[in-house]
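Enquirer: Protein chains in written order, with the numbering used here: chain A, 1 to 382; chain H, 383 to 917.
Read the hints as simulated data drawn from the structure, not as lab findings. One or more of the hints may lead you astray.
[What the hints assert, rightly or not] Here are the simulated EDC-like pairs of lysine to aspartate or glutamate, each with C-alpha atoms no more than 20 Å apart in a straight line:
1) 526/H to 474/H
2) 731/H to 691/H
3) 248/A to 737/H
4) 465/H to 362/A
5) 813/H to 846/H
6) 813/H to 752/H
Below are the chains, spelled out letter by letter.
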Amino acid sequence: MTTTDVRPRGRWVRGVRRTLTGLHPALESVLAAVVGLLVGAVLMYIWGYDPWRAYWALLRGAFGGDYEIASSIARGVPLIFTALTFSICVRAGMFNIGAEGQMYIGAAAAVCVAYFQLPAGLHLLVGILFAAVAGAVWSLGPALLKLTRGVSEVISTIMFNWISRFLVFYLVAFVLVDPRQAQRTVRIPVSARFPILVQGTDLSYAVFMAVAFSLLVYVVLWHTAVGYEVRAAGLTPTAARYGGISIKRTMLLSFALGGVAAGLAGAATTMGLPPTYAIISGLPELMNLGFDGMAVAMVGRNHPIGILFAALFFGGLNAGGRVMQFYGSNPVPLEMVRVVMGAIVLAMAIPELIRLFPALAEAGRGLARTIARRKPATEEGA
Amino acid sequence: MSQTSSRSDTEQGDGYFLRAERITKVYSDGTVALRDATVEIRPGEIVGLLGENGAGKTTLTKILSGLLPPTRGRVVSPRGQVKFASPREALDFGIGMVHQHFALVGTFTAVENVALSHERPFAPLTLSATRERLEGLMAESGLKVPLDVPVEKLAVGEQQRVEILKVLSQDVDLLILDEPTSVLTPLEVDDLFQLLRRLRGEGKAIVLITHKLKEVGSITDRVIVLRKGAVVGDVQMAEVTKEELAQLMVGKEIGTRAAQVVELSTDDIPVPISRHKEEAKRGSGVLHVENLSVAGDTKSQAVDGLTFDVFGGEIFGIAGVEGNGQTELVEALTGLRPAMEGTATIHEKNILGLDPRQIYKLGVAHIPEDRWVLGLVLPFTLAENAILGVHRWDQFRGPLSILRWGKINAHVRALMERFEIQATGPSAPAKSLSGGNQQKLIVGRELAKDPAIVIASQPTRGLDVGAAQYIRDTLVEMRDRGRAILLVSADLDEVLALSDRVAIMYEGKFMAVARPEELDRQKVGMLMGGVGVKG
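This is chain A alone, in the form it adopts within the complex (with noise of 0.2 Å):
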């Protein structure tokens, strides 16, 4: 019978948890990407590729001048929205993943402006509102079910995203279809195109909407009584029906806020993303921009501002990845830069890990003792 507490290691031991639980949000997540471009490093080692030259292009691709940068920003610019949209429902307490079906329906009501003709400016804003009310009405669906039927929002926003996802295949295939280029819905027509930024890049005008309308996430969230409520709904229901807030108001109020924020990934991804302005069929430029702005979110740490860093480094990850696969005598193939996403994702979850390690340890000594004990616990009297 030993007793774990006073063990020499267990000091340093500590000491590293002590650091790492005490670690600041923005730190850990530093932390993370870190880690992750270890872990894809070694990786890359093990396959016999040059981990140094790949990162090296990759830096260079995502960051190696103005070209590279507008690029990277252009890449981080919808994910900015779809984080915004789980992390909104983080907040308020739900798992929403449904950014991905939402931004796909309001990419398809964005299409939508140019079977009409409006003044130049007036036109851009009409495809917005479209595309916001779209992705917000798309989303009441697992809104409804969960305050009515009480159905989990990941299941129901799962199964929404696959209704949409075939739903805009098939919008794209029969009902925008351009009667020219079949392969492709018809194009949004100028007056309803975001401007470019910086010319020969896809960087648009959409990026200033997308900080935006980060930095209103922000403000409602922390700055009204309304987002006040979301955020205690969300970390202590109990408390917040005490304070008189209802929960179901919240939670309605993230999921279609959610909504919006997908809607706008939808509109920047069509009006907002040279050269197309349209959606091509099978959705090539729009596919899992959704997923990953829930990592991108959970880099940012479901802050708002943390968001829109997080954004520039995955956008600069895809935009310097396709550089790092055509780089040198050995390119690594761009799904290395996935690999490097996902392990990002998981360091993530590091600190929380350090902070399992008692509770897994006191589990294994509990093991232990059932295999070790043979005879009862009866000791000698003292």
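Put chain H on the given structure of chain A with help from the hints.
Expert: Then chain H, alone, in the frame of chain A:
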């Protein structure tokens, strides 16, 4: 009547099964749950463990059954000292406990649940053997439960029987039951008691935790009375009256009521609750409740047709053992739980069916019984917590629903000063505060509403003496300013000392409503235990 069983008795005690010797338990937050408690359990005997809330009954049984280690003292058996690292080890030793909240997997059948309790890592599952064993046990003990129905579909009494069978199937010699009758119908109680008597006949030791005097009288052989963590009585049931037991449970008669100073009975724990109160100047009626019935989570009628009034300038106290409907009553009055029937009005405006915020607008402040679940959003800052429930008031909210953090922070600083809240500042997270400061924050927030009535539920629970006294003084001050106070507390001394009128609640009804001067502690003890008092 001897206060504790004499030492020499237990020394010769050949026949004891387990003895807890001089057990002291101090929890990590500094609460002393047990003080030097010595009890002995003998085979073939039903022992009642009697005491108020917080007397240490549950802690004692948890130590006996291996769930908690004692801070000081030891548990011995005739075979020597025993130490349990887990309930499983205690079970192997022959000690089984049936908790108030059953540890059953709802979707499993009785057989599967019992098999689960026998399960060891990496050992094969033995459903058929378990079934045979259970059928044998059921024939032996007369306990009948459906074996192949998911237990969640069974009645509560049946679930309890599954739980008891689960423990019996481990061949226990000591069966501990924590408030086993609180969820049962009278018929089920009779069945249970028959079973316990049969088990006693088989030579098993049985410990029954309870606060119901009636039950103690009808089933136990010996009663151990705990008060404030100390064993204050260990008597043969045949040698004592219910009145004596009630007195033991709640403490000695206090002769100084007239001086309005109440002191706790046991000499070693002096926690005086003093109140220098002016005579109540009762104002007009504030809260009027008529024929109110409220359903509980498990009981269909947790509050059973209550009618009462609370007037301005008085403290109306509700005493009673917890779980007799107090929580449901408060929740119904504050908009957290729907009422089944009856009316409740504040200044003649109906409050039933309103949501909490509308009720606050009518002048209600609510100090909830659980500050971590209801009263505070722990990760929130002081400032954020200080506006919970009043966050939509105009003083804190500008145009476009923008929160005025400047004004809120100023408000919090004023609260911190006035209520002596120790914290680094308005942006400190509430979870970083001590329990006393958290409670002061809640009290401060609620009283800052300038309410017509304060509904305070267990307002001093878990607080140190200083913080508790501060909060009591604050409530009295509110009363003196003409506000109505509805005080619900399981701390009898507190209720008696603070209240102008006291109601004693038992199973959803008021056993009596009286001025504290008219009540002696023995009477209160009887009423709390559900025994009516004549005259």
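Enquirer: Just to be careful, I want the Cα atoms of residue 731/H and residue 691/H compared with a cutoff of 20 Å; is the pair within it?
Expert: holds (14 Å)
Enquirer: Within a Cα-Cα threshold of 20 Å, do residue 465/H and residue 362/A meet the stated pairing?
Expert: OK: residue 465/H and residue 362/A at ~18 Å, within 20 Å.
Enquirer: Measure nothing beyond the straight line between the CA atoms of residue 813/H and residue 752/H; if it is 20 Å or shorter, mark the hint as holding.
Expert: OK: residue 813/H and residue 752/H at ~14 Å, within 20 Å.
Enquirer: Do the alpha carbons of residue 526/H and residue 474/H lie within 20 Å of each other, as the hint requires?
Expert: violated (25 Å)
Enquirer: Does residue 846/H lie within 20 Å of residue 813/H when you go C-alpha to C-alpha?
Expert: Roughly 17 Å between the alpha carbons, so the hint for residue 813/H and residue 846/H holds.
Enquirer: Is it true that the CA of residue 248/A sits at most 20 Å from the CA of residue 737/H?
Expert: holds (13 Å)
Hint 1 from the list above is the single one not met by this structure.
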